[in-house]
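K.L.:
Since the structure of chain L is already known, use the hints to place chain A on it.
If you read the sequences in order, they're chains L and A. Reminder that position 287 of the first sequence reads as 287 in this note's numbering, one-by-one numbering, no gaps. Reminder that position 7 of the second sequence reads as 7 in this note's numbering, one-by-one numbering, no gaps.
Treat the hints as calculated values from the structure; they're not laboratory data. Treat the hints with care, as some may be off.
With a straight-line cut-off of 35 Å between C-alpha atoms, the simulated DSBU-like cross-links for lysine-lysine are [said to hold, decoys possible]: (1) L:Lys81 / L:Lys16; (2) L:Lys155 / L:Lys323; (3) L:Lys323 / A:Lys27; (4) L:Lys81 / A:Lys27.
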Amino acid sequence: MNRTTRLYYVSRRWWKAGRLFLVIAGPGIVVMIADNDAGGITTYAATGAKYQYYLIWFLIILGPVAYYVQEMTVRLGAVTKRGHAEAIFDGFGPFWGWFSLIDLLILDWLTLVTEFIGMTTALAIFGVPGWLTVLGVCLLMGFMVLNGRYWTWEKLAMAFCAVNLIYIPGAFLVNPSVSDILRQGLIPNFPGGFTGELFFFLMANIGTTIAPWMLFFQQSSVVDKGLKEIDIPWGKTDTLIGAFFTVLVAVFIIIVTGTVLNGRDVTDAAQASRMLMETHHWAGVFMAIGLFDAGLLGAICISLASSWAFGEVFGWAHSLNNKIREAPWFYFAYFFALITSGLVVLIPGAPLVLITLFVQVVAVTLLPAALVFLILLLNDKDTMGDRVNTFSENVINGSIVAVIIVLSTAYGLSTLFPSLFGQSGAP
Amino acid sequence: MNIFHAIGGVLADQIEAVRAVNRRFAKPRLTMSPAAQRSLLGLRIYLLVLVGLLAYKFVTVVTQ
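The shape of chain L in the complex, shown without the other chains (with noise of 0.2 Å):
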């Protein structure tokens, strides 16, 4: 064979490879760009505007952290064809199973309300009234899942994705130093050492990098796409893009707010927003279409998490290929928690404020639980076969988990009581 057939031969299979790694991504690429919802990108603008480029490295860890969390969802649908929610009701019992469900549901519910959050107050910048973008968001989604196919949802929910890579132009608009960003961002550090409020800025980061909704949302996504266990490599790299890609988004937040608003302290992104277009219009403009765009993400599948989780234990029809017909209780699910979640922002004196601290604390009694649960699950050999963790695995995913786990109920914690790291003006 002569060196042209050869590379002919090669280019070919890269180019099968190809086109079957666009029909199998998906779902791990919306969950994680998904994960810089309107809250995460709240965080990383005040995290950029506090240390400025200094925890850059903290972010690039993050990103590996989150796939190697997800990655376990992709193999568990893949060889169960079961969500989260039924393999937990499945495998631990009723007690465990409502307890997740329901905590499931209440932590979904208000994670919508601060979606809706972020995307009213992003077009409030331009002049939109509240009213018309939670009708305007509701159609939108309306629209996306009625069109009876789980491909076209995924592909409009990718191109929103794309979007969201509007941060890194932005960034461009603002002239960073490149020489500083990497002088003080990947070397690890802890600017002004290790107080309390640069500790509650690590747990913000994290809790926003890992959501119980994320597991729950890969895992039926992986299932509602069909994806085999022939298709676990495939799903791991979509994965680990979209990982890529999360933290990318990050990063590039933490060089615009550090570059522009380094010392000021900035309490939402939209505010954030505000302050980038004194100086700079076009970045803050950016910021604000990016932070709508993550609070529709974060809304796409945070809303398709808990309805699919309610199918799946109630035995529903419950796939994004059904018709509205053939699945009623599965979109009642979908809509009745976006409609109302988006007309408590619409209250005027709604406690949304409270609403946002209360996530975190209601995140800290699901999250542990779902990692636990998601471990012991990977660790059933009789339900995995051969795709059960590896020794290997459990070494890196149980660190991973034991880590989050304490580090997110200490930022749940220091919800409740403030005062717990010394933290002031922390996001």
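P.N.:
Same frame as chain L, but now just chain A:
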């Protein structure tokens, strides 16, 4: 009267649906190894402590 009857019927259906779920998943399928049992015990203790802290916070907020 008919409305109450209808609401009662819907509630009864929902309770039956919950019972059906409980029957379907009555027996946990996971093999309960000592490690799994310890993990679940740890989780219960963790949640009890957390609920205790939440209750404490609620009481302190209400009585302030």
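K.L.:
Give a verdict on every hint.
P.N.:
Each hint, compared with the structure:
{"no.": "1", "hint": "L:Lys81 / L:Lys16", "result": "holds (26 Å)"}
{"no.": "2", "hint": "L:Lys155 / L:Lys323", "result": "holds (18 Å)"}
{"no.": "3", "hint": "L:Lys323 / A:Lys27", "result": "holds (33 Å)"}
{"no.": "4", "hint": "L:Lys81 / A:Lys27", "result": "holds (19 Å)"}
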